[in-house]
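Asker: Each chain, letter by letter, is given below.
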Amino acid sequence: KAGVTQTPRYLIKTRGQQVTLSCSPISGHRSVSWYQQTPGQGLQFLFEYFSETQRNKGNFPGRFSGRQFSNSRSEMNVSTLELGDSALYLCASSIQGGSGELFFGEGSRLTVL
Amino acid sequence: GESVGLHLPTLSVQEGDNSIINCAYSNSASDYFIWYKQESGKGPQFIIDIRSNMDKRQGQRVTVLLNKTVKHLSLQIAATQPGDSAVYFCAEHTSGTYKYIFGTGTRLKVLA
Chain A
84 KAGVTQTPRY LIKTRGQQVT LSCSPISGHR SVSWYQQTPG QGLQFLFEYF
134 SETQRNKGNF PGRFSGRQFS NSRSEMNVST LELGDSALYL CASSIQGGSG
184 ELFFGEGSRL TVL
Chain B
53 GESVGLHLPT LSVQEGDNSI INCAYSNSAS DYFIWYKQES GKGPQFIIDI
103 RSNMDKRQGQ RVTVLLNKTV KHLSLQIAAT QPGDSAVYFC AEHTSGTYKY
153 IFGTGTRLKV LA
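Quick note, the sequences are listed as chains A and B, same order.
Start counting at 1 in the first sequence, then tack on 83, and there's your number in the working numbering.
Start counting at 1 in the second sequence, then tack on 52, and there's your number in the working numbering.
Hints listed in this document are in silico derivations from the structure and should not be mistaken for laboratory results.
Quick reminder that beta carbons are idealized off the backbone N, C-alpha and C, glycines included.
Be careful, since some hints might not be right.
[What the hints assert, rightly or not] Pairs of lysine to any residue, SDA-like flavour, derived with a Cα cap of 20 Å:
no. : chain 1 : residue 1 : chain 2 : residue 2
1   : B       : K161      : A       : L193
2   : B       : K94       : B       : T146
3   : A       : K140      : B       : S147
4   : A       : K96       : A       : F147
5   : B       : K108      : A       : G183
6   : B       : K108      : A       : E184
7   : B       : K94       : A       : K140
8   : B       : K94       : A       : S107
9   : B       : K120      : A       : T194
10  : B       : K94       : A       : Y93
11  : B       : K94       : A       : F147
12  : A       : K140      : B       : S78
13  : B       : K94       : A       : E184
14  : B       : K94       : A       : Q124
15  : B       : K94       : A       : P91
16  : A       : K96       : A       : K140
17  : B       : K94       : A       : S162
18  : B       : K94       : A       : L193
19  : A       : K140      : B       : T149
20  : B       : K161      : A       : P122
21  : B       : K108      : B       : S137
22  : A       : K140      : B       : G148
23  : A       : K140      : B       : E67
24  : B       : K94       : A       : G125
25  : A       : K140      : B       : K108
[As the list claims (entries may be wrong)] Every beta carbon over 10 Å from chain B, so not counted as near; a handful from chain A, in silico:
no. : residue
26  : S114
27  : S134
28  : G141
29  : P144
30  : F152
31  : N154
32  : L164
33  : G167
34  : A175
35  : S182
36  : E184
37  : L193
38  : V195
Only chain A is shown next, with the shape it has when bound in the complex (with noise of 0.2 Å):
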């Protein structure tokens, strides 16, 4: 069974570009949940998506934004870029969100110079 697959692996921008980063989960989990990882935040929560609803959002700005296809693959983009945002991004998915194991990808690594 393929993983969580998380694209691309790798990205280097500029402040004030925008960025999307694709997820596609483990098939048949339905809950794909994001995190940015840093150095100095740890893994911090982004949002949660069920059958293409948002079901709860981090506190990050309006900048970041998600979507979730009725195949459950998921995006997030990024708009207006900051050196801040350099991070690894993380995708997780479930079976149906809540509690139990949530299978991580490799990450999205996101430098903005």
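Mind docking chain B on chain A? Use the hints.
Answerer: Structure of chain B alone, referenced to chain A:
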């Protein structure tokens, strides 16, 4: 590999010894907890979980202890091996929130 955290607390143990990693969680209403292991350049990997109606759960070489009175979790690794070297995170979940709150992490170094 990439560094997960440059200033994480570090636990150094001799190969073959037992390791104990501690975590204080934040919400007394949290009802489910997971320990994750993260190796350099990889995403977090599930180790073991425990629900709030339990105070101990054992897996293969790992044991998780939950003390709800003081909001404390610990992960015990028996006969620590070089492959156990990684950063370990605890994560808590509160029913209805659909999110996990992660601890700051502990770096485990296994000395040969």
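Asker: Beyond 10 Å on every Cβ pair: is that true for A/G167 relative to chain B?
Answerer: It holds; A/G167 is separated from chain B by about 16 Å at its closest Cβ, greater than 10 Å.
Asker: Any Cβ of chain B at or closer than 10 Å to A/N154, or is the non-interface label fine?
Answerer: The claim holds: A/N154 sits with its nearest Cβ about 20 Å from chain B, beyond 10 Å.
Asker: Within 20 Å, alpha carbon to alpha carbon, are B/K161 and A/P122?
Answerer: holds (18 Å)
Asker: So A/F152 supposedly isn't at the interface. Is its beta-carbon more than 10 Å from every beta-carbon in chain B?
Answerer: Holds: least Cβ distance 18 Å, greater than 10 Å.
Asker: Has the given pair, B/K94 with A/S107, been kept, meaning a C-alpha gap of at most 20 Å?
Answerer: Given that 20 Å is the threshold and the Cα spacing comes to 16 Å, the pair holds.
Asker: Does A/S162 lie within 20 Å of B/K94 when you go C-alpha to C-alpha?
Answerer: violated (26 Å)
Asker: Given the proposed pairing of A/K140 with B/E67, does the C-alpha separation stay at or below 20 Å?
Answerer: violated (42 Å)
Asker: Mind checking the alpha carbons of B/K108 and A/G183 for me, to see if they're no more than 20 Å apart?
Answerer: Status holds; Cα separation ~17 Å.
Asker: Is A/K140 close enough to B/G148, meaning Cα to Cα at most 20 Å?
Answerer: holds (13 Å)
Asker: Quick check for students: does the CB of A/G141 sit more than 10 Å from each CB in chain B?
Answerer: violated (7 Å)
Asker: Is the hinted pair B/K94 and A/E184 satisfied, with a Cα-Cα distance of at most 20 Å?
Answerer: holds (17 Å)
Asker: Using Cβ atoms and 10 Å as the threshold, tell me whether A/S182 really stays out of contact range of chain B.
Answerer: violated (4 Å)
Comparing the model with each earlier hint shows violations of hints 1, 2, 7, 9, 11, 16, 17, 21, 23, 25, 26, 28, 34, 35, 36; every other hint is respected.
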